[in-house]
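Engineer: Chain by chain, the residues run as shown.
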Amino acid sequence: MTSGSTDTRASAPQPEGGSFRDRTARVFLDGGRVLRGLGPRAFEAWEAYSRAEFFQRLSASGAVVGTRCLTDRDRPNIGDGCVAVLEHDRVPFVSYPYEWSFSMLKRAALLQLDLLLAALAEGFTLKDATPYNFQWRGTRVQFIDVGSIEPYREGEPWVGYRQFCQLFLYPLLLQAARGLPAPKLLRAGLDGIEPRFCRSLLRTRDLLRRGALTHVWLHALAQERFASTQESSVARLAKGGLRRSMVERTVRGMRSVVARLQPRRRRSAWADYRHEHSYQAGDLEAKRGFVERFVAARSPGLVWDVGANTGDFSRIVAPHAGYTVALEQDEATVDQMFTELAAEGNERILPLVVDITDPSPGMGWRGAERHTLWERGKPDLALCLALIHHVVIAGNVPLPEFIDWLTGLGCDLVIEFVGRDDPMVRRLLLNKRDDYTDYDQGVLEACLGRAFAVESRLPLASGTRFLYGCRAEGRG
Amino acid sequence: MDRKMKPFLVATAVALVLAARPAYAYLDPTAGSVMLQLLLGGVAAIAVALKIFWHSILRALHLRTEAEDDER
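As you go down the protein sequences, you meet chains X and L in turn.
Here the first sequence stands for residues 208 to 683, numbered as in the numbering used here.
Here the second sequence stands for residues 48 to 119, numbered as in the numbering used here.
Here chain X stands alone, though its shape is the one from the complex:
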């Protein structure tokens, strides 16, 4: 399951595009509500695990999404075959594993394993092991696919093992061993990385890493060896006498492997940006004050901090907003932001790895299984601070097109223009032919004037940077 997108226009419950794989417990969106229709077998399972101690404990702690079984009176009609309907708490903003930093994916992986161990101890199991079953409340990860919990049948192996390897272990391992960013690897396909491809990406000496020989090399080999087998492997194991304790041992072993993984990083210029920017004394304070005043006056529900870097301005606006999504293209910087926010237990800022010049597309079946960034909830206010020169000069996006895209979001806007005399802009143009005639303060002001009401403007003392506070047409 994924939780809902924020389209609240639907009049009748609509099937969620990403939940069709589980035919017995499909998710529907009903306005602002997230519902799950249960078939007879899924309902029987719910009746059992909803009374289990592990489920109640993890639900109370927030590790599992808040879920209620609706009574017949509250129950909307969501089609034939459903004998019961569950309602889940909404997630503030849906995100996907290819937008998470290393530490975020690792945290979800450990919760997946802890949840499975807790379930096994009480005679249950999880039929999936995918990071798409997790969402975030700020920096707190939450399991959302309760429909994947079912009673454990003796003799059954860990059915989600291959999925766990492909979607959790291999991206983490490849980032730890080779420095390949996990989000980029996961965006290549919704099923993750096959064992044989992971094996190809690792060097021989990487096989000495804990777990690499078994979970990658032998896994790839076993898939080749048994791929054309005519007999059910699950039945063979059950007949051979596989027991739950053996499955638990496998899961504990995997937990030990994942817990030790650390990202391999080179120094990130972006993560050091807060110490290396080109602001003069006093300018940064003036900028902070301008942004905070503009946002506080509006109390927006959802804020996007586009090009958030380490999230300094997300922190400034978060107390005045319902929820803040901090979008930053550099994975190392997002990981640093996440680690700092998680240490504080912050649940109001969600850091995501997103390059706004190449944002997350629709993916999967019909291109609708995973939604585009803006389909998951358009912001009420966007911050674009020290960003426009990267979009226009480094990203080659024409300035009017960038403003046009922002206009389409229908949100209020705080935008900073960085002039051509600024050292950061000069650095970007150092080895480029300057064809960027559109990168001009006059062009920006004309574009803003057509689409927004520019309510406040602040030139910073450096003389190279200008802030604009803009109200979208139609917003009060």
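Think of the hints as simulated: they come from the structure by calculation, not from any bench.
In this text, all values refer to a predicted model and were calculated from it rather than measured experimentally.
Idealized CB from N, CA, C, for every residue including glycine.
One should not assume that every hint holds.
Unchecked claim - Covered, in the sense of this in silico footprint (three residues per stretch, anywhere, with C-beta under 8 Å from a C-beta of chain L), are these stretches of chain X:
#, stretch
1, 266-273
2, 367-376
Claimed, not checked - Here are some, though not all, of the chain L residues that point toward chain X, as calculated from beta-carbon distances under 8 Å:
#, residue
3, Gly79
4, Met82
5, Gln84
6, Gly88
7, Leu105
8, Ala107
9, Leu108
10, Leu110
11, Thr112
Starting from the known structure of chain X, arrange chain L on it as the hints suggest.
Structural biologist: For chain L alone, coordinates are given in the frame of chain X:
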């Protein structure tokens, strides 16, 4: 990984290398992932692997049928 499991692991790896066959259409990637768990579940799981392997040998030599295995 337990020290006492390493010989089993190496022996199984060698067996898998020697037994690796070219892939064909209609392949099931889950089969190998399931069978590999016999290596990961500890000494008791290795014993299950040996039992399954032994039964396969008996069946290959026509000393036992699949139905007889099911009855046991």
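Engineer: Next step is simple, just say for each hint if it's right about the structure.
Structural biologist: Right, here's what the structure says about each hint:
1. Remark: the stretch 266-273 of chain X is not confirmed as covered by chain L, as 0 of its residues place a Cβ nearer than 8 Å to a Cβ of that chain, below the required three.
2. Only when three residues or more bring their CB closer than 8 Å to a CB of chain L does the claim for the stretch 367-376 of chain X stand; here the count is 3, and the claim holds.
3. Given hint, Gly79(L) at the interface with chain X, holds; its Cβ is 4 Å from that chain's nearest Cβ, closer than 8 Å.
4. Of the supplied interface hints, the one on Met82(L) holds, with its beta-carbon coming within about 5 Å of a beta-carbon of chain X, less than 8 Å.
5. Because the smallest distance between the Cβ of Gln84(L) and any Cβ of chain X comes to about 5 Å, under 8 Å, the interface hint for this residue holds.
6. Checking Gly88(L) against chain X: minimum C-beta separation of about 3 Å stays under 8 Å; hint holds.
7. Violation of the interface hint for Leu105(L) is found here, the shortest Cβ-Cβ separation to chain X being roughly 13 Å, above the 8 Å cut-off.
8. Annotation: Ala107(L) was flagged as interfacial toward chain X, and the flag is violated, the nearest CB pair being 13 Å apart, outside 8 Å.
9. Using the Cβ-Cβ criterion of 8 Å, the hint placing Leu108(L) at the interface with chain X is not satisfied: the shortest such distance is roughly 17 Å.
10. Hint status for Leu110(L) relative to chain X: violated, with the closest Cβ pair at about 17 Å, above 8 Å.
11. Of the supplied interface hints, the one on Thr112(L) is violated, with its beta-carbon coming no nearer than about 14 Å to a beta-carbon of chain X, more than 8 Å.
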